[in-house]
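Here the protein sequences line up with chains W and C, keeping their order.
Going by this note's numbering, the first residue of the first sequence is number 17, and it counts up by one from there.
Going by this note's numbering, the first residue of the second sequence is number 258, and it counts up by one from there.
Note that these hints are calculated values from the structure, not bench results.
Note that this is a predicted model, so its numbers are computed, not measured.
The C-beta atom is built at its ideal place from N, Cα and C for all residues, glycine as well.
Simulated pairs of lysine-lysine, DSBU-like, Cα-Cα distance not exceeding 30 angstroms:
| no. | chain 1 | residue 1 | chain 2 | residue 2 |
| --- | --- | --- | --- | --- |
| 1 | C | Lys349 | W | Lys157 |
| 2 | C | Lys449 | C | Lys268 |
| 3 | C | Lys449 | C | Lys349 |
| 4 | C | Lys449 | W | Lys157 |
| 5 | C | Lys268 | W | Lys157 |
| 6 | C | Lys279 | W | Lys157 |
In silico negatives: residues of chain W with every beta carbon more than 10 angstroms from chain C:
| no. | residue |
| --- | --- |
| 7 | Ser29 |
| 8 | Ala101 |
| 9 | Val108 |
| 10 | Thr233 |
Covered by chain W, per the in silico footprint, the following chain C stretches (three or more residues, Cβ under 8 angstroms):
| no. | stretch |
| --- | --- |
| 11 | 339–345 |
| 12 | 348–354 |
| 13 | 363–371 |
| 14 | 391–403 |
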Amino acid sequence: MLVVALLLVWEGSVRFGIVQSPNWPAFSAVLAALYRGLAGGELLGVIASSMWRMLRGYLLGSAAGITIGVAIALWRPVRLTLTPAIELLRPVPVTAIVPPLIFVFGIDDKLKIACIAFATFFPVATNTIAGVGAVDEVYLKVARTFGIPHAQTIRQVIVPAALPYIFAGLRTSLAFALVVTVISEMLAGSQGIGHYLLTMQYALRAPEMYASIVLLTFVAYALNRLFLAWEQHAIGWARSREAYDAR
Amino acid sequence: MNGATDERTLKLEGLAKRFDGKQPVVVFEDLSLEVRAGEFFSIVGPSGCGKSTLLQVVAGLIPASGGRVLLGGRDVTGEPAHMVYLFQQYAKSLLPWMTAEDNVIFAFNHRLGLGPRAARARAREHLAMVGLEESAAAYPWQLSGGMQQRVAIARALSADPKVLLMDEPFSSVDALTRMELHALISELWERKRFTTILVTHDVDEAIFLADRIALLTRRPARIAELIETGLARPRRAVETHEDPRFLALRHALLEGLLHRPDEANADVR
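Given the sequences, and given the hints that come with them, work out the whole structure.
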């Protein structure tokens, strides 16, 4: 309701001439631009390319975060080797590494995927380490009494038990990944929604600019819903168990 | 009976467990015991005497400080393949992200390597033995405490253990459920004859289930008495508990637990 009211205020502010500026189009004009962009395929192509980039970076960063997180939590030599490096790198703002990375990866996909993966990695790794550390001793003893091989214990006991933590990390990272996707596209290259948004601003095409922001809002919302469905699928047992135990 | 060479004979020789540290604790020292092949053996003792630690040392879940454990005359090292430990905390020992059936499959399929259909069939068969084939697809936390412990029993037996080690497995269910579980484990044991050690502080439970009972002292634990129960089998929930022999054993064990001079301070811990 609040959203609708605010949008009406926006629309009204232009219709009744309260705000008169070429940079402040009516919401209906924004929607029209959005429709034109999507129907014409331009905006659709732009957002699709951004999503594809984001997905690759997110999956890469998540996979690395889980793998390295598990390794750090389980093996002391890995922990001693990697922890200082991770602690040093973690606070580095991802935007600061874009210029040097351009020398390595160029200005196209590879650069952006690397940035997205970098941003995704840390929350996932940190939460994985915490999750593996919190696995109940009894589960590990159960695996031992049945003589379960180490690799299977990791796959079937340790990782599932740590999943609620891992998902907390994945969720934080999802928001980061979208931000980093848009920013990296703004900073370098000529592809994706970030670049499109900036171009429209330079071209003083306010309706198109706002249209891409509206589209991003929808996409972020949809991503979050998708994520929640995935989370429910993967760790629904943890939620349901809490609900059961609370009876 | 050539019990000494049977591969289900379990022997503890001079077994010791100490926890070193600022205040070193000797849990037990030089403990020797032979559990016969296919025997149901109970260990009772005051709480905190180290019964549970003893069982975990035998299971290879905690390292011994000295002595040996022999199964069928062979030294047992690490986590022995043929011994299964049944945990007191059934609610924590079943993996909550797996169904009852998958919990059972988890216990045996790394050894048997059955295909999905055969593994499922074997799991169902073991769940049926504990009367739970209907609950195969349920998650552990959807089941009652007694049912969870039944799943845990089915899971333990699906691994075909030669030795089953039970650490107060019935202590957190209600009295009626406990009697049902006693009958169940008794029946399964008679059918499969795995060597069994049950650690408990419940004297009735120890007598009802066991062939022999060891009464442990306070720390450092040693065996104060070794009693042959000699009760007829199959045991029956009502009749066995009224057997004069049962009552006499109960009397003797409770006396031993409560009035042992070195236990005058058993509650001051």
